[in-house]
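A.B. asks: Single-letter residue listing:
Number of protein chains: 2
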Amino acid sequence: MCELLAMSANTPTDLCFSFTGLTRRGGDTGPHKDGWGVAFYEGKGVRCFHDADASASSRIAEVVQTHPIKSEVALCHIRQANVGDICLANTHPFIRELWGRYWVFAHNGQLSDFEAPPGFYEAVGSTDSEALFCDILNHLRCHCDRDTPEEEVIKRLVALANAYAGQGVFNLLLSNGDWLFTYCTTKMACITRRAPFGPARLRDADVTIDFEPETTPNDIVSVIVTEPLTSDETWDIYQPGEWRLWRKGEVVMRGCR
Amino acid sequence: MCELLAMSANTPTDLCFSFTGLTRRGGDTGPHKDGWGVAFYEGKGVRCFHDADASASSRIAEVVQTHPIKSEVALCHIRQANVGDICLANTHPFIRELWGRYWVFAHNGQLSDFEAPPGFYEAVGSTDSEALFCDILNHLRCHCDRDTPEEEVIKRLVALANAYAGQGVFNLLLSNGDWLFTYCTTKMACITRRAPFGPARLRDADVTIDFEPETTPNDIVSVIVTEPLTSDETWDIYQPGEWRLWRKGEVVMRGCR
Numbered sequence: 001m002c003e004l005l006a007m008s009a010n011t012p013t014d015l016c017f018s019f020t021g022l023t024r025r026g027g028d029t030g031p032h033k034d035g036w037g038v039a040f041y042e043g044k045g046v047r048c049f050h051d052a053d054a055s056a057s058s059r060i061a062e063v064v065q066t067h068p069i070k071s072e073v074a075l076c077h078i079r080q081a082n083v084g085d086i087c088l089a090n091t092h093p094f095i096r097e098l099w100g101r102y103w104v105f106a107h108n109g110q111l112s113d114f115e116a117p118p119g120f121y122e123a124v125g126s127t128d129s130e131a132l133f134c135d136i137l138n139h140l141r142c143h144c145d146r147d148t149p150e151e152e153v154i155k156r157l158v159a160l161a162n163a164y165a166g167q168g169v170f171n172l173l174l175s176n177g178d179w180l181f182t183y184c185t186t187k188m189a190c191i192t193r194r195a196p197f198g199p200a201r202l203r204d205a206d207v208t209i210d211f212e213p214e215t216t217p218n219d220i221v222s223v224i225v226t227e228p229l230t231s232d233e234t235w236d237i238y239q240p241g242e243w244r245l246w247r248k249g250e251v252v253m254r255g256c257r
Numbered sequence: 001m002c003e004l005l006a007m008s009a010n011t012p013t014d015l016c017f018s019f020t021g022l023t024r025r026g027g028d029t030g031p032h033k034d035g036w037g038v039a040f041y042e043g044k045g046v047r048c049f050h051d052a053d054a055s056a057s058s059r060i061a062e063v064v065q066t067h068p069i070k071s072e073v074a075l076c077h078i079r080q081a082n083v084g085d086i087c088l089a090n091t092h093p094f095i096r097e098l099w100g101r102y103w104v105f106a107h108n109g110q111l112s113d114f115e116a117p118p119g120f121y122e123a124v125g126s127t128d129s130e131a132l133f134c135d136i137l138n139h140l141r142c143h144c145d146r147d148t149p150e151e152e153v154i155k156r157l158v159a160l161a162n163a164y165a166g167q168g169v170f171n172l173l174l175s176n177g178d179w180l181f182t183y184c185t186t187k188m189a190c191i192t193r194r195a196p197f198g199p200a201r202l203r204d205a206d207v208t209i210d211f212e213p214e215t216t217p218n219d220i221v222s223v224i225v226t227e228p229l230t231s232d233e234t235w236d237i238y239q240p241g242e243w244r245l246w247r248k249g250e251v252v253m254r255g256c257r
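Protein chains in written order, with full-length UniProt numbering: chain X, 1 to 257; chain C, 1 to 257.
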């Protein structure tokens, strides 16, 4: 399987601390050594890094750990391959343009019998995940347009996610740069940090941070992951079938299957 | 304006030497300090790096200069903004998926009156370049399909490029990972290196390389740029209106307006 990490914040915030924890699980404290990727929205643009090597020993991952890239929405994935070879084309997150925005997708799970019907968006690699992403965008393009109310787009996403969840494991991160949609079938946890900020210690590396000097009293930063990243904070665990829509660090819509 | 760099090779080859020369022109030996980007194909996957900062002082550019990423096709761009703000969404190269492949595009020039007709692909940022790229892909999607013979696709690309060239400056790099299409209206030069390999010296940095120990006798590596990168080699200068299609380091089709 794989592990996911996402961030939603109300001010551009770096991901160095969480990314450092997660990437240890890519070949050091965890077995997810078959590639990694991360995408940071900056305005409407997306800055991404992908590598088919183990994140724990990747030179590029090291740069992302130590070079603060500030973003309000970021999505990250470390891979333990099941469907599809180990190669760059199969490395999440996947990106496509829809309605003049970049959409970014990362998935943990497996829908082994999934076959994407033909559509405009096509997978480049051979993962079921990328085929699912293309299927989602083909549905949205077919049934909605850029002026469709957000509630309706999300309702359609939830219906799709529920259908996929009936076919296998489907833990999802999806963003259009404005909101971040998260869906859990098996494992997902989150934490929202806001004033008063304090210290936190990673589970996977001997790293402690004090968020207080790095933040302002108005900052709200949420992190969503497969497994909690810190050992001294209380994480909120998603229920199976639960989804949450995040914007600017806060949950703005939620529900459960 | 901007500067372009591309590589076509018959074996996975790194771009460190040429990239080091080009990126000096992004705020040091040249004025192209409004962002930079590079895309490396690895199989069907693409690894890309984008930054809205000056390449000459970018930490991420430094990593790309020193960390050998091996590819058979790579495209790079350093930007001096004219149309569109300085931001990540306006930073070349641009990427879209068509027929299950990633297409990568970088452009030097300006078509100030260009307005893209509506189509499936839409620009995310506000550059004329990205609008041109979307227009090209919309044309291809409309008039060709995945089984269209390559000659026909290229013929259509040439016709489009000739039409754009009638409206302004249009120096182009475009690849689908298999071939690299290059089109010149004002400035483009290329060099093909093959055995016997020798040394070369950059114009923009005090760097000399000896390609011989890094290559095999069968390697063919071509570099296409806006302005020659080395001071001790003979570069082949494109004519205005000239286009060349590269595959595995060699020109496989060519023509002139």
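In case anyone wonders, no lab produced these hints; they're calculated from the structure.
Please note that a few of the clues may not be correct.
Which copy? The list can't say, so a pair holds if one copy fits it or any two copies do.
To be verified - As a list, the in silico DMTMM-like pairs of lysine to aspartate or glutamate whose alpha-carbon atoms are at most 20 Å apart:
hint: 1; residue 1: 44; residue 2: 85
hint: 2; residue 1: 248; residue 2: 178
hint: 3; residue 1: 187; residue 2: 152
hint: 4; residue 1: 187; residue 2: 115
hint: 5; residue 1: 155; residue 2: 135
hint: 6; residue 1: 155; residue 2: 214
hint: 7; residue 1: 155; residue 2: 242
hint: 8; residue 1: 248; residue 2: 53
hint: 9; residue 1: 44; residue 2: 150
hint: 10; residue 1: 70; residue 2: 53
hint: 11; residue 1: 155; residue 2: 212
A.B. asks: Within a copy, between copies, both or neither: which one fits residue 44 and residue 150 at a CA-CA cutoff of 20 Å?
C.D. replies: Only inside one copy: residue 44 and residue 150 sit 18 Å apart there, 34 Å across copies, limit 20 Å.
A.B. asks: Regarding residue 248 and residue 178, is the shortest C-alpha distance of 20 Å or less found within a copy, between copies, in both, or in neither?
C.D. replies: within (8 Å within a copy, 41 Å between copies)
A.B. asks: Which holds for residue 44 with residue 85 at a C-alpha limit of 20 Å: within a copy, between copies, both or neither?
C.D. replies: between (31 Å within a copy, 12 Å between copies)
A.B. asks: Is the C-alpha distance from residue 70 to residue 53 at most 20 Å within one copy, between copies, in both cases, or in neither?
C.D. replies: between (24 Å within a copy, 14 Å between copies)
A.B. asks: If the cut is 20 Å between Cα atoms, do residue 155 and residue 212 qualify within a copy, between copies, both or neither?
C.D. replies: neither (37 Å within a copy, 60 Å between copies)
A.B. asks: Classify it for me, residue 187 with residue 152: is the Cα-Cα distance of at most 20 Å met within a copy, between copies, both or neither?
C.D. replies: neither (26 Å within a copy, 50 Å between copies)
A.B. asks: Treating 20 Å as the Cα threshold, decide for residue 248 and residue 53: within, between, both or neither.
C.D. replies: Classified as neither: same-chain Cα gap 32 Å, cross-chain 25 Å, threshold 20 Å.
A.B. asks: State whether the alpha carbon distance between residue 155 and residue 242 is at most 20 Å within one copy, between copies, both, or neither.
C.D. replies: Within one copy only: 13 Å inside, 51 Å across.
A.B. asks: One pair to classify: residue 155 and residue 214, alpha carbons no more than 20 Å apart. Within, between, both, or neither?
C.D. replies: neither (37 Å within a copy, 55 Å between copies)
A.B. asks: How would you label the pair residue 187, residue 115 (within, between, both, or neither) given a Cα cut-off of 20 Å?
C.D. replies: Cα proximity of residue 187 and residue 115: none, with 24 Å in one copy and 47 Å across.
A.B. asks: Is it within, between, both, or neither for residue 155 and residue 135, if the alpha carbons may be no more than 20 Å apart?
C.D. replies: within (16 Å within a copy, 32 Å between copies)
Hint check: violations occur at hints 3, 4, 6, 8, 11; the rest are consistent with the structure.
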